[in-house]
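Chains as they are written, first to last, in the working numbering: chain Z, 1 to 333; chain B, 334 to 666; chain L, 667 to 878; chain V, 879 to 1090.
Worth flagging that the hints you see were computed from the coordinates, not collected in a lab. We put the CB at the ideal spot given by N, CA and C, even for glycine. There's no promise every hint is true.
Unchecked claim - Listed next, the stretches of chain L that the computed footprint assigns to chain Z, with coverage defined by at least 3 CB atoms under 8 Å from CB atoms of chain Z:
1. 690-700
2. 705-711
3. 727-733
4. 738-745
Each chain, letter by letter, is given below.
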Amino acid sequence: MKKLINRPDDVVREELEGIAAAHSDRVKVSLDPYYVMRKDAPVQGKVAVVSGGGSGHEPMHGGFVGLGMLDAACPGEVFTSPTPDQILAATKAVSGGAGVLHIVKNYTGDILNFEMAADLAKEDGIQVEAVVTNDDVAVQDSLYTAGRRGVGVTVLAEKICGAAAEAGRPLGEVAELCRKVNANGRSMGMALTSCTVPAAGKPTFELGEDEMEIGIGIHGEPGRERRKLATADEIVEVLASTIVDDLPFKSNDQVLAFVNGMGGTPLIELYVVYRALDRFLKGRGIAIERNLVGSYITSLEMAGTSITLLRLDDELVRLWDAPVNTPGLRWGA
Amino acid sequence: MKKLINRPDDVVREELEGIAAAHSDRVKVSLDPYYVMRKDAPVQGKVAVVSGGGSGHEPMHGGFVGLGMLDAACPGEVFTSPTPDQILAATKAVSGGAGVLHIVKNYTGDILNFEMAADLAKEDGIQVEAVVTNDDVAVQDSLYTAGRRGVGVTVLAEKICGAAAEAGRPLGEVAELCRKVNANGRSMGMALTSCTVPAAGKPTFELGEDEMEIGIGIHGEPGRERRKLATADEIVEVLASTIVDDLPFKSNDQVLAFVNGMGGTPLIELYVVYRALDRFLKGRGIAIERNLVGSYITSLEMAGTSITLLRLDDELVRLWDAPVNTPGLRWGA
Amino acid sequence: MGAGYPECVSFVQGFAEAVAVNREYLTQLDAEIGDADHGINMDRGMRAVIPKVEALTDQDISGLFRTVAMALISTVGGASGPLYGTVFLQLSSSLKGKSEIELSDWAEAVLAAVTAVQARGKAEPGDKTMVDALLPAAQALREAADEGLALAEGLARATAAAHQGMEATIPLLARRGRASYLGERSQGHQDPGATSSWLLMQTAEAAFAKGN
Amino acid sequence: MGAGYPECVSFVQGFAEAVAVNREYLTQLDAEIGDADHGINMDRGMRAVIPKVEALTDQDISGLFRTVAMALISTVGGASGPLYGTVFLQLSSSLKGKSEIELSDWAEAVLAAVTAVQARGKAEPGDKTMVDALLPAAQALREAADEGLALAEGLARATAAAHQGMEATIPLLARRGRASYLGERSQGHQDPGATSSWLLMQTAEAAFAKGN
Ligand SMILES: Nc1ncnc2c1ncn2[C@@H]1O[C@H](COP(=O)(O)OP(=O)(O)O)[C@@H](O)[C@H]1O
Ligand SMILES: Nc1ncnc2c1ncn2[C@@H]1O[C@H](COP(=O)(O)OP(=O)(O)O)[C@@H](O)[C@H]1O
Ligand SMILES: [Mg+2]
Ligand SMILES: [Mg+2]
Ligand SMILES: [Mg+2]
Ligand SMILES: [Mg+2]
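Whole structure, please, built from the sequences with the hints as guidance.
Next up, the structure:
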């Protein structure tokens, strides 16, 4: 295992200390329990937006705390959901009296821990609504399974709901908006390499020099299928057609196209992927109105990419364009 | 070789097509010859800032084109300086009558190609000043060598000179400012893994599981020294003390601390590095006034980091804080 | 003769040791169909449990298990944190007031714990989760108690049933938890949570059956 | 009898072939002390040269070399683009007006080319660059011409001198170009540019010496 770390057990704490040192202009970091919050929280009268999940997905979620996005983020250990006490403490710390939205990715652990925290927060008189993101089309969706994973759409939901909360919209509306973003977004990812969980010390899976995993999540878990390595254009064809056919996205739809790097893939390759996606969508008559290209929801140092498409309407475009000032995403401020 | 690409020979063109598709709101891309320019260029009466170099360092330089930073960037093939005709075409395209600053990293190839281009541009009546960055303390500096490489300081110089040009300052002043940034900045990098030049198809060097390269540049070249793998804290100690002792940075100096990822290193590790750097500088009485944490000057998918320190004064802080709106760096706009 | 407070403490300590010894094994099972952290998670949790348990003074079985539950919930995270937290929370409430655990008490408590886990996690038997080890163990305990067997024997049957349930997860297609994302690729792998649940039953047997 | 236009074309084509054949070799040498692109760079350049040369109609040696120079400058990039561009630009101006190249013409042209490369790149002999192959070659040509040797023999000496100069770069500490960043680690490796320059001399010999 080759990583820029000290001891595997200290990675998350030291990362948080790094964030605290680097971004004290915008965030405050609690080390016991772990959470990152807006420096100016609680913002009185504003709905607070809280998310969280395992670490190893940076900049998500801690890097998305700030004006126009999250009020707080709760990082768990690497790839491990945070615990209820963390989430409760963060929820209390940022609650400004107008209620708190929990944006939860659909993983058993995240669901259970956020549920427990929400129950405890409600006992403390804080109004909490939880919305679960589950946009990963690589996973079969069914009542009799855990359903789809929450992946790329989470980033977009955090931005858009953060903007709505900043604009003073009430909890019910912000939660409804979050459900709308989730309902209109779909994602799928692939990996060229595995990643190594620091505490495990070796790659989660092994891939041959000519193999790739299609349909991976963001926790180093193997994907749905192992295939022969293919070109960027072929990979995009597989990911994008699965995504487009699922919702389905239709001709004349306007979308936000999000090409995400898994952590170990450089930007030069993401632009090659974006080019292919742009061509693919043009071929389907789908118009890219907004885009995001970069490594925003990662899986440690995994090499690979994921594509997320979000169907846009005027409201979503306006909220996407609204100012955001976080370490990981910033414009208009 | 596992990369998200189509054919190795097409990587740079397809990357540029991806940039064109993604960022047509801010940049225009020429494919023959290759260059990226501000959409609103030439800005009449403004000094134009142009840089360039081999591809594979994304977002540098193409991702730094836009308001408050570069007017144009000329990407060469991967790790290969651009050619004079590219640089000349870009220089002409963005020249707004107030002269053009060429920011050139100190590599024989970049120097020679930019020199030729500047000669040709001057023949065409365009005033050109070239400033060479050479901030890499890993390289021995001497009249009898090619001198130090230009690395991380280049990013900072592009931002700061771009802001000065945007503020309407004349060519001589912008060039002088660039020399000042270079004179007050120092960098050093290290790698955990090699990278693979697409056309070469295999890693430039091989490193054992317990080895690292100290003092690498940004072209996959081996470093000054191969060492046993060490902790993040130890690595920062080596890089930062070499940097600090070189200028030297002194107690009570105010600096911009730039922790850069080499392309394959995830943000979680960069924050662990930033934490160590913060502690190291506190120990030396050096105050971090501004910082930048992320992968901004990369070496394809290399895992590793570089540290850049820039001594600040009020002028530099003001110019650093000025609005910038590029795909790779954005604030205040 | 049932299991008293000291046996309960050694059950908890035994589980911590078993998890520590099997940290890599559980993590490796999770690498195959999950995210390579189950052993790490459980070990982090049980290491946090031990000092808390050692600090207890009032020899209360229910309080002991509640302490274990709270420590797990606040240190493990993931799916297993709330689920094992639920197991111990339920053991705590089922055993409230008891100073000795007889086979029928333990059978009832474990059955209630599985029921609570199912209520939280919505897993049915056969979904390839810890339920597949815990439920057969609880049923074996129930039957052993109904048959009037000795505590030691009942515990041995529970361990055997958990072991069988654990092994029976191998061919299953996961329908809950992270392994479910793999679809058919989850088949042919043993569930990590079922494995740690078998360890739980095994350490209960080792601790409670001493001299019984 | 000197080398005429057809020989010059086959020199250029021969160099393109030699570079293509040695693409990996030159790149590997550059991987060791540079950035693993010298073969790729030169091959990209020479592949661009060929159609431009084939399109020429006026049988002018100076124009031919100027075409090569301009194609290299606008497609190679890196250090070798401007430097080999300079070599061919200088060959072009030294041979202006000539329709046949005699040994003394070639000696003068190659010497002027090395001088121009040194002016551009500031490399001294012994700095571990292409100069270390080109300069001995030029000197050998000069001496052979002074001794009144035949073209073929002069060219053979130049190739041998370039080869020796190339091999002599191995122990050198690089002081120019990318390899200089390695400091002492540059020692023990053959310079890629010196190697391509030896190929240049070798292909000139093969092309010009035909029947001479
Ligand atoms: N819904 C559920 N009900 C019961 N057990 C579950 C459920 N989801 C997951 N598990 C158990 O949790 C185990 C995984 O735990 P762990 O790896 O620690 O958490 P995570 O899956 O969050 O990484 C699985 O092997 C399974 O036995
Ligand atoms: N200043 C210089 N003078 C002469 N030759 C040089 C100089 N710098 C580099 N070279 C030659 O260029 C070669 C490297 O070329 P190449 O790899 O194509 O370019 P780059 O170094 O830009 O990647 C070196 O091996 C050396 O022979
Ligand atoms: Mg987990
Ligand atoms: Mg090069
Ligand atoms: Mg797990
Ligand atoms: Mg090179």
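Verdict on chain Z covering the segment 727-733 of chain L, criterion of 3 CB contacts below 8 Å
violated (count 0)
With a C-beta cutoff of 8 Å, work out whether three or more residues of the segment 705-711 of chain L approach chain Z closely enough for the coverage to hold.
Satisfied; 3 residues make the cut.
Chain Z covers the segment 738-745 of chain L, three or more CB atoms within 8 Å, holds or violated:
holds (count 7)
Closer than 8 Å, Cβ to Cβ, for at least three residues: run that test on the segment 690-700 of chain L against chain Z and report holds or violated.
Contact hint for the segment 690-700 of chain L vs chain Z: holds, 5 residues under 8 Å.
The structure fails to meet hint 3 from the earlier list, while all remaining hints are met.
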